[in-house]
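Residue-level listing of the chains:
4 protein chains.
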Amino acid sequence: MKAIKDSVHDYITLDPAAADLLDTDAVQRLRHIKQLSTVRLVYPSASHTRFEHSLGVYHLASRALDSLGIEGDRARHVRAAALLHDVGHGPYGHQTETVIERHTGQHHDEVGDLLGRTDAADVLEFHDLDPDRVAALVRGEGELGQLVSGELDVDRMDYLVRDAHHTGVPYGTIDHERLVRELRYSDGRLVLEEGNVRTAESLLLARALMDATVYRHHVSRIAGAMLERASERLIASGIDVGTFRRMADHDLLVALREDVPELGRRIEYRDLYKRAVWAELGDVPADVVELDHAGERAAERDIADVAGVDDRDVLVDVPGRPTFTEAASRVVVNGVPQRLEDASELVSGLRAAQRAGWRMGVYAPEEHVDEVAAATEAVLGVRAVAP
Amino acid sequence: MKAIKDSVHDYITLDPAAADLLDTDAVQRLRHIKQLSTVRLVYPSASHTRFEHSLGVYHLASRALDSLGIEGDRARHVRAAALLHDVGHGPYGHQTETVIERHTGQHHDEVGDLLGRTDAADVLEFHDLDPDRVAALVRGEGELGQLVSGELDVDRMDYLVRDAHHTGVPYGTIDHERLVRELRYSDGRLVLEEGNVRTAESLLLARALMDATVYRHHVSRIAGAMLERASERLIASGIDVGTFRRMADHDLLVALREDVPELGRRIEYRDLYKRAVWAELGDVPADVVELDHAGERAAERDIADVAGVDDRDVLVDVPGRPTFTEAASRVVVNGVPQRLEDASELVSGLRAAQRAGWRMGVYAPEEHVDEVAAATEAVLGVRAVAP
Amino acid sequence: MKAIKDSVHDYITLDPAAADLLDTDAVQRLRHIKQLSTVRLVYPSASHTRFEHSLGVYHLASRALDSLGIEGDRARHVRAAALLHDVGHGPYGHQTETVIERHTGQHHDEVGDLLGRTDAADVLEFHDLDPDRVAALVRGEGELGQLVSGELDVDRMDYLVRDAHHTGVPYGTIDHERLVRELRYSDGRLVLEEGNVRTAESLLLARALMDATVYRHHVSRIAGAMLERASERLIASGIDVGTFRRMADHDLLVALREDVPELGRRIEYRDLYKRAVWAELGDVPADVVELDHAGERAAERDIADVAGVDDRDVLVDVPGRPTFTEAASRVVVNGVPQRLEDASELVSGLRAAQRAGWRMGVYAPEEHVDEVAAATEAVLGVRAVAP
Amino acid sequence: MKAIKDSVHDYITLDPAAADLLDTDAVQRLRHIKQLSTVRLVYPSASHTRFEHSLGVYHLASRALDSLGIEGDRARHVRAAALLHDVGHGPYGHQTETVIERHTGQHHDEVGDLLGRTDAADVLEFHDLDPDRVAALVRGEGELGQLVSGELDVDRMDYLVRDAHHTGVPYGTIDHERLVRELRYSDGRLVLEEGNVRTAESLLLARALMDATVYRHHVSRIAGAMLERASERLIASGIDVGTFRRMADHDLLVALREDVPELGRRIEYRDLYKRAVWAELGDVPADVVELDHAGERAAERDIADVAGVDDRDVLVDVPGRPTFTEAASRVVVNGVPQRLEDASELVSGLRAAQRAGWRMGVYAPEEHVDEVAAATEAVLGVRAVAP
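Heads up: the protein sequence lines correspond to chains A, B, C and D, in order.
Note that UniProt numbering has the first sequence beginning at 1, numbered continuously upward.
Note that UniProt numbering has the second sequence beginning at 1, numbered continuously upward.
Note that UniProt numbering has the third sequence beginning at 1, numbered continuously upward.
Note that UniProt numbering has the fourth sequence beginning at 1, numbered continuously upward.
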């Protein structure tokens, strides 16, 4: 069996199908998509890729299947889905997924057509693996799909540990060996065995701390907003969205530099906009919180107008209300599987902390920050907060 | 400058006074007192000592002083206090401290008389360090004392990271470099600088997770209760409490084996009592929760009576109501120092989680577990819960 | 002072000049040049960049300067040189440096003109730093230059530890804190203080093990040879070498795909040539070992001719004879600075081991491996060895 | 299956026999024997025990057996032997083994009688494990015995990694996952599979660097010599050697303090003798290098006589000539199993380095160092070297 050295899980041993899938363009492309996209502008060590993450998810899926006693054909499909779960990502991963969804209606976990038309299709067929079944597992369907995409999935377990390892931040540390070992099925639902309320909580806490210090860091959000806007303009300039979606990071960087040069250069050399406004949930009117994509764009135009700047110089970034998938994970307490939010006193506190950490941002080139701040208050009724 | 290799902080560089203090019997004795006493019966790798912890606290104190810009005489006293802060511990550290307090009225952070009569006194004098001032710092007195003993002290920062490293548990991980770097004084109180609510929360979360998985593990509590009872009998058998307090772990193990042979042997070879009762806070009558030492002993005799066993075969272990020192740590928010419990939505959830994790235990030799469980229900009205 | 989190050294604190230099395009470009270029085709976790490495070298330089007691202007220039030492690298770092040297006569540590004409020039001037002096330090000139580029330089210390961390290989581990702490000057030469023969040896051993398992891995060498050849063709196709040198990894990948599509695709998707020949030093005629670039190309044409394949399908890869810079590092033994090769019994063994590990390779597309192997024996008298 | 958290290998899963063996007094006693005895006087973090090491050896043995495809009864015996391989150690492990061998003729790997008469005997019988077969495996007998005790045994792999982890030294790092995975049997000999000369060398290098910086550190050697002499006097004072052998560290510390108070106190509080003489192999006459135990004692008396000090104040410490077990490990090269010393150019260099690192020591209380140095030159013709 082929073994690959990984800096998180040490050796990862591949089954024959995985070894062949690894050599497909669809998977090799993931070498060129960074796991944390713009986060590495804050944490320089975080340049790891979705390729190594996919290997890690494959590894944890194998361990979970062993622990659950699942073998044979079913296990082979789950392992393939684990390895392929990210092939639907566009360049810069999550940072472009809303762009792609807006233009194609497709989420990154819709990999069916990708598996059907890439070289991965032949490899799957050769190993008697059904692409539709693999695609359904990637979407999290069925009992086994929960292992790949769900509240207790191995995707989450790998990225928390891996992102912590590569950023150098001490917060993503979870006991993944224990989590994997304590998984059980109860009436078709994946649950953690008795005695693991704390193990489940640690997953939540890791997520919450990583959100606050890594995933939602304002510098990464600013760069992400710039990237999203630049991508929109790139597509508007005539790049086909199908082509866009199949790009890797290097393709996008070069394409932006050529077709959206101002933003392209700023992203490449980390010459970022600054925060004109950075407002808490309580300081933002409800209708602003609810703004959709078109609403954000309209607001940008209005703010630019009032501020007397080009409307490319205003970025309005209103994140969705905080969600908390992990709160729905299930753990057995006194013999009964319960949702973690019912079993743990911590969940409501974490929810509140996440709401407290929510921020709306308005970004502008450094020289226009003051006008944009003032205009935002005039247009949206949101006051600038000294960042 | 002398440098010592440490598995947590790499090299620790000692100032001349620290280098000399290190060679005193008072500090060398800490080589023979394990940091986590009975915890290593659960986590075999956790046999680290208060000696290496003291070096770690010294190291973090030095870094904090540098960051705060405190130098000269004041800094030298703080560093000495950091190195000496644990010399007052009896054998097995926290596990015997209530025994010692009951018999002497002295807490382990009362090191004044120790510093006065040991070889450390000469070293302090030689380096122009005032033993009384050092002792006051160990008690946490004054502005600088907060660095050694307080809600944001370097003691806590070292032990969380060190205990995690040695147990192998991934939960004690805090960003101690950041914590130390962000300390400030505000009106004489030690606070964390603006932008560190999450840093402060991480300290709390680390503590809560370590409590649940390490410090309050039931096996460690059972062994601790056995050790405490054995120590009481040792003192009752005629060992002077002053002598007892100055023992190190090896002295106590040998003394117990000779003078309290039954429990001594059980502790040495990890042949522990089992849980007859393990009850949550809501299932324990308030007057039982309030039992003091004498009350616990009386309850043991009553239970033994009803169960028809020797009263040495019943251990009643009622921990105090959960406290949460770290909740009072201060962090600057929008320019104003606030108590963390006011600035963070997480604290109340953590408090609730700690209450939920509170357990009263009644322990007995395996062969008497059933009788003791029944008798406990009859005597105290507390039902056994299947552990 | 600005502090950046690093996964190897934890927080790296920047002086004001470094903080400003970091924002220049010259340094930001290093975010897009991977430290280990083609090595990550073997070790997927190794996608770290020259940007984070430059920060690490800056950090170790600061520590070394502190330990040596060097301050002020001299220290500021060394720190700037440490941060800038890699700005002269072309895309894919070492893998393209011979191409660039052939076409420009310039080595990657010639950064003088780069510092003169980029935005870094203004920053240096603003902070009263002399670009020529910085450039001389990068070339390793003068007493202080040895810290930046020499047998005991901090560049080496950082990359060994960092490359080990990111590959996951346990071999690059050196005691960099001790190395930095034990540096001294003796008659203008940087040496390790008395008692450090073993510390110096460990640097050698780390290098030797990393060479064998990481830096000289055959898969990385094959990809490197493909990349070098593709770069030659790219330049031949009309790309100006100055433009080429200033490219980053993403630029090169895209340019190759467009202008050298066959090799470009293979490199991007790791569809690599295979070893037709893999021969030890003793099995290769001396005149073949001595082949220069033109000689290698001629040999490729001859082999292709005999094998009946396109001459693009043959890559001859003859590395230089092994060298061993670290053997010349100096360490004080019984009061006298000695070259490590005179003080350590290990060096000759390591030299021999390096000669034993030397391999000449001839690579070809998988389907032509047999013909190319046979033709290589006919043309160069080198027998294929089953890899 | 019972799982135990380990700071080196994460979770260690125990088979039913191992879980029961773990609870025996014979194995629990190992909790009280430190792995590195006097080394922790140099590296304070190194207070790990033979208990956790035994678990680690058990774990690696399980992995090796899996990799070799060995199952059933044979595997169960190997796993039991791995767990029990150190039960024959006396207090302070290797530091007292020559004392015990001199008085009993028994080496620490002679565990047959221990397994026969302790509570482990019943557990072995209950699980259908043959104590004689287990004892033979511990002695390294038979094909499978090589896994437990031999040049490529899992004991070595665990202790190198574990000792590095706990000391904090970066040198013991080996790729144990790869080593275990690449083990094969060839004609009944354990060998490393093709392509692992470097893997085998790394084991050697790790050992050599750990020897130099950890295992043979002069402070540890001085304390070890004091401990050995104190143990001799303890036995001379009437302690039965059988009783002595069954002591754990704490028993010995207390016994020494009572019966050999002067040395006992010095060992407990690290108040150590100093080096009067520290001489290289080339500076020591051959007949002195060959001194046996009686010869060393006679030399001490003569030196004390000449120096005019009590003969307890002189410790002569002549280590055996360096050996290099790992050099005999076998690795497959071009299809043929070879001894590493024949396959690797490094071995002779390492041998030479080990000879160069050999030191004879003569130790004395600080106040007598000068007289003892002079007397040693007069009596043995060995010159003091400034340490």
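Everything labelled a hint here was simulated from the structure, so no lab data went into it.
Possibly wrong hints are sitting among the right ones.
[Unchecked claim] Some chain A residues well away from chain D (every beta-carbon gap over 10 Å; in silico):
#1 ALA3
#2 ASP10
#3 GLU177
#4 ARG178
#5 ARG181
#6 ILE222
#7 ARG233
#8 VAL241
#9 ARG245
#10 ASP271
#11 GLY295
#12 ASP310
#13 VAL336
#14 PRO365
#15 ALA384
[What the hints assert, rightly or not] Derived DSS-like pairs (lysine-lysine); straight-line CA-CA distance at most 27 Å:
#16 C:LYS2 / A:LYS2
#17 C:LYS274 / A:LYS274
#18 D:LYS2 / B:LYS274
#19 D:LYS274 / B:LYS2
Glycine included, each C-beta is placed from N, C-alpha and C at the ideal position.
Check whether the Cα positions of C:LYS274 and A:LYS274 lie no farther apart than 27 Å. Roughly 50 Å separates the two Cα atoms, so the pair is violated.
Please verify that the nearest CB of chain D lies beyond 10 Å from A:ARG178's CB. Nearest chain D Cβ is 7 Å from A:ARG178, so the label is violated.
Is it correct that the beta-carbon of A:ILE222 has no partner in chain D closer than or equal to 10 Å? holds, 38 Å
If we take the beta carbon of A:ASP10, is the closest beta carbon in chain D still more than 10 Å away? violated, 5 Å
Is the Cβ of A:GLU177 more than 10 Å away from each Cβ in chain D? A:GLU177 is in fact no farther than 10 Å from some Cβ atom of chain D, at 5 Å.
Take a quick look at whether D:LYS2 and B:LYS274 sit within 27 Å of each other, Cα to Cα. Satisfied, since the Cα-Cα distance of roughly 17 Å is no more than 27 Å.
Does the no-contact call for A:ARG245 survive, Cβ to all of chain D over 10 Å? About 38 Å separates A:ARG245 from the closest Cβ of chain D, which puts it past 10 Å; holds.
Is the Cβ of A:ARG181 more than 10 Å away from each Cβ in chain D? The claim is violated: A:ARG181 sits with its nearest Cβ about 7 Å from chain D, within 10 Å.
Once the closest CB in chain D is found, is it more than 10 Å from A:ASP271? The claim holds: A:ASP271 sits with its nearest Cβ about 39 Å from chain D, beyond 10 Å.
Can we confirm that no CB of chain D comes within 10 Å of the CB of A:GLY295? Check passes; 49 Å lies beyond 10 Å.
Hey, is A:PRO365 genuinely clear of chain D, shortest beta carbon separation above 10 Å? Given a closest Cβ separation of 46 Å, the condition holds.
Are all C-beta atoms of chain D more than 10 Å from that of A:ASP310? Holds: least Cβ distance 54 Å, greater than 10 Å.
Checked against the numbered hints given earlier, this structure breaks hints 1, 2, 3, 4, 5, 16, 17; the rest are met.
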